[in-house]
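In case you want the letters, here they are:
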Amino acid sequence: MNANTATRALLFAAASFGISLCAAHAANTRKEARIDIAPGGTVNIVNGGGSITLHSGAGHQLLVTYTVHSAKVEVDQSTSANKQRVELLTHALPGEKPTADEAKVDYDVTVPTGVSVNVTSTSAPITAEGISSDIGLSSETGQITVHNVAKSHVNVRSMTAPVSLKDVTMSRVDIQSAGGAVQLTNVNGQLVSVGTTSGNIDYQGDPSGGGNYILTTHSGAIDVTPCYCVRRSQCAIHHR
Amino acid sequence: MNCQQFQETLPYIIEHGGGGEDESHLQECESCASLVQDLRYIAEQAKLLLPMHDPNPRVWNNIEQSLHREGLLPEGRMPRLGHTQKNSTSQAQAKSWTPLGWALALTAVILFAVVLTNYKPTPLQQTPLTAQNSAADSAQFNSDDQQLISQLSQQSPEAQRAYEASLRDVNAYIADAEQAAKSDPSDASAQALLQNAYEQKEMVYQMATARSLP
Numbered sequence: 001m002n003a004n005t006a007t008r009a010l011l012f013a014a015a016s017f018g019i020s021l022c023a024a025h026a027a028n029t030r031k032e033a034r035i036d037i038a039p040g041g042t043v044n045i046v047n048g049g050g051s052i053t054l055h056s057g058a059g060h061q062l063l064v065t066y067t068v069h070s071a072k073v074e075v076d077q078s079t080s081a082n083k084q085r086v087e088l089l090t091h092a093l094p095g096e097k098p099t100a101d102e103a104k105v106d107y108d109v110t111v112p113t114g115v116s117v118n119v120t121s122t123s124a125p126i127t128a129e130g131i132s133s134d135i136g137l138s139s140e141t142g143q144i145t146v147h148n149v150a151k152s153h154v155n156v157r158s159m160t161a162p163v164s165l166k167d168v169t170m171s172r173v174d175i176q177s178a179g180g181a182v183q184l185t186n187v188n189g190q191l192v193s194v195g196t197t198s199g200n201i202d203y204q205g206d207p208s209g210g211g212n213y214i215l216t217t218h219s220g221a222i223d224v225t226p227c228y229c230v231r232r233s234q235c236a237i238h239h240r
Numbered sequence: 001m002n003c004q005q006f007q008e009t010l011p012y013i014i015e016h017g018g019g020g021e022d023e024s025h026l027q028e029c030e031s032c033a034s035l036v037q038d039l040r041y042i043a044e045q046a047k048l049l050l051p052m053h054d055p056n057p058r059v060w061n062n063i064e065q066s067l068h069r070e071g072l073l074p075e076g077r078m079p080r081l082g083h084t085q086k087n088s089t090s091q092a093q094a095k096s097w098t099p100l101g102w103a104l105a106l107t108a109v110i111l112f113a114v115v116l117t118n119y120k121p122t123p124l125q126q127t128p129l130t131a132q133n134s135a136a137d138s139a140q141f142n143s144d145d146q147q148l149i150s151q152l153s154q155q156s157p158e159a160q161r162a163y164e165a166s167l168r169d170v171n172a173y174i175a176d177a178e179q180a181a182k183s184d185p186s187d188a189s190a191q192a193l194l195q196n197a198y199e200q201k202e203m204v205y206q207m208a209t210a211r212s213l214p
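Line by line, the protein sequences give chains A and B. Following the numbering used here, the numbering of the first sequence begins with 1 at its first residue and continues without gaps. Following the numbering used here, the numbering of the second sequence begins with 1 at its first residue and continues without gaps.
Source of the hints: derived by calculation from the structure; they are not laboratory data. These figures come from a predicted structure and were not determined experimentally. Ideal Cβ placement from N, Cα and C applies to all residues, glycine included. A portion of the hints provided could be inaccurate.
Pairwise CB distance ranges (calculated) [what the hints assert, rightly or not]:
no.: 1; chain 1: B; residue 1: S150; chain 2: A; residue 2: N155; range: 23 to 33 Å
no.: 2; chain 1: A; residue 1: N148; chain 2: B; residue 2: E199; range: 22 to 32 Å
no.: 3; chain 1: A; residue 1: D167; chain 2: B; residue 2: S150; range: 20 to 30 Å
no.: 4; chain 1: A; residue 1: S219; chain 2: B; residue 2: Q151; range: 50 to 60 Å
no.: 5; chain 1: B; residue 1: Q155; chain 2: A; residue 2: G209; range: 23 to 33 Å
no.: 6; chain 1: B; residue 1: S143; chain 2: A; residue 2: G59; range: 46 to 56 Å
no.: 7; chain 1: A; residue 1: K151; chain 2: B; residue 2: S189; range: 27 to 37 Å
Computed list of chain B residues with no C-beta within reach of chain A, every gap over 12 Å [what the hints assert, rightly or not]:
no.: 8; residue: A108
no.: 9; residue: A159
no.: 10; residue: V170
no.: 11; residue: I174
My request is simple: use the sequences and hints to build the entire structure.
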């Protein structure tokens, strides 16, 4: 083997390594987008697996960051002409049949105040933090978590996904879960309605401010722990 | 003859022409004359719309049989005027339906043979208990449920199992809630439970139909 052939072989190996690196990088593609949305508009997110995290933000733009884990899926985004509705839809590319892992997309969305959010997921856990507008969350198996929400309408649908709401105040809460457990901590408002078929319902909070609290289950257990706040940040459990 | 008597014989008049009394009434009564004129015109135009083929005698026989069965035609009444019946109804039927019956029987035998040829018995991996469960499942699920489960099985076996379990629970919920509501229809909470049970099932269906990715 002469020196020329050796150099060529080395170059070929280096090129192959580079291509492999690029392919690996392409498999985990992170993208960021700022999307204009009108005040009072709605963002709809449909995702199979992965995760979806929602935060509250200011301004009139959605800040969307998503990471795609394979080249077999992509995210379509569309906005209606009046900017009242934004759609983010994860879907497989034509002819591709991604596995559950390959189909995962991780979303992180910052939602301006007053913009409603609807999320539909299959197995992706959904977390909504500090959102100050109406929220509709639906998941088959992915954990649904809602924290620090006020004066909102929270609508949750779950098949077997566990549902956890904490510090959701002065809101209208409607949760339906077939088999997922529902845990409510410091949740209050004019209507708090939870219905499950077999999922347990656990309520800890202070319902003394008024409103209707309807907890219904067929074969699950209902556990209510009323907390009467002595001070703003202190909660004393009177009885269980 | 007054108008009512005349109109009772109107079908006969239209088909065969009237007698002396009918003709004299037609000359006296402008209303009936106009009616007969209109009906004759309609009958003439209707003939132009239809192909001039007399239907197969079997058609008339079947119609006659149906009318007999329903009691609209008394026994022994002649069939359609002008239609010559060569065979009795039963003979005609026997002759016409026997080949069809043989053909159907032959088709059934061929189909059975095809099914038998392609039948591959699945190995018995299920325990007797799961077999019993499967039988119970089919009783628990209505046709819509079974269709939904079948569609989900093509997407993902895991989803199929999850939805089966959920539907089984929800159907049990509905059955219990229905029983409670029936036993005391005035019980508002029983009604609310029933409504909630149906909402749960609606939700499960909505989720199943919204599935897009594995």
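Tell me the numbers of any earlier hints that the structure contravenes, in ascending order. Structure breaks hints 3, 4, 5, 9, 10, 11.
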